[in-house]
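Engineer: Chain residues, written in single-letter form:
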Amino acid sequence: AQSVAQPEDQVNVAEGNPLTVKCTYSVSGNPYLFWYVQYPNRGLQFLLKYITGDNLVKGSYGFEAEFNKSQTSFHLKKPSALVSDSALYFCAVWRLGGSYIPTFGRGTSLIVHP
Amino acid sequence: DAGVTQSPTHLIKTRGQHVTLRCSPISGHKSVSWYQQVLGQGPQFIFQYYEKEERGRGNFPDRFSARQFPNYSSELNVNALLLGDSALYLCASSPSPAQGSYEQYFGPGTRLTVT
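Residue numbers (this note's numbering), protein chains in the order written: chain A, 57 to 170; chain B, 198 to 312.
Simulated from the structure, these hints should not be mistaken for laboratory data.
In this text, all values refer to a predicted model and were calculated from it rather than measured experimentally.
Mixed in with the good hints, there may be bad ones.
Chain A is faced by these chain B residues, among others (derived, beta-carbon under 8 Å) [said to hold, decoys possible]:
no.: 1; residue: Pro240
no.: 2; residue: Leu287
no.: 3; residue: Tyr302
Even for Gly, the Cβ is constructed at its ideal location relative to N, Cα and C.
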């Protein structure tokens, strides 16, 4: 079985400050990891993915994520938050090489204050 | 280019009825996946279709079925609707799983309300 935990329902950060949205996962074998963002009343948008290679992955809109195998984490980060980054963020995992059955986390609401 | 389109945008059905949701992928994308997103939760994977064949199935009852057509569009069918089926149903397309391209491009969803 595979699972994703996003331990924070909500993250609050001031505009211009760095932000981190946490994600830990559990999967047998090597993981394929994603971050998606969902704006109100809209579908999810792909931000970035990790398969293999460098542990620091860069994605859209200035976001990046750090894969940590020993801690089974894939935290989303951004050096300087914007008010427009306020949205719902989802982490997802599936087992690389297995059937495509992804598991999404419950989501973290990011609120960036002006 | 047009993104993933879904129809209808909203739908109200009564318990026990049947519903069909439709999805058109991004042009050139051959894979379509369906997800159920209940309010306050992350998307739950229902099906993936690639080249008209089912390539992945989530933990949903047999009341849920889907198919993909030669033009790569897809339908999700749900029979004998229950109140718990009320959710946002998301469709996503991706270019080609065979090429390791699994990032999904999501449509805006169909909001299904079962009364």
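Engineer: Now, for every hint given, state plainly whether the structure supports it.
Structural biologist: Against the structure, the hints come out as follows:
A hinted interface residue such as B/Pro240 counts as satisfied when its beta carbon comes closer than 8 Å to some beta carbon of chain A; here the least separation is about 5 Å, so the hint holds. Against a cut-off of 8 Å between C-beta atoms, the interface hint on B/Leu287 holds, since the closest Cβ of chain A lies about 6 Å away. Interface hint status for B/Tyr302: upheld, as the beta-carbon distance to the closest one in chain A is roughly 7 Å, under 8 Å.
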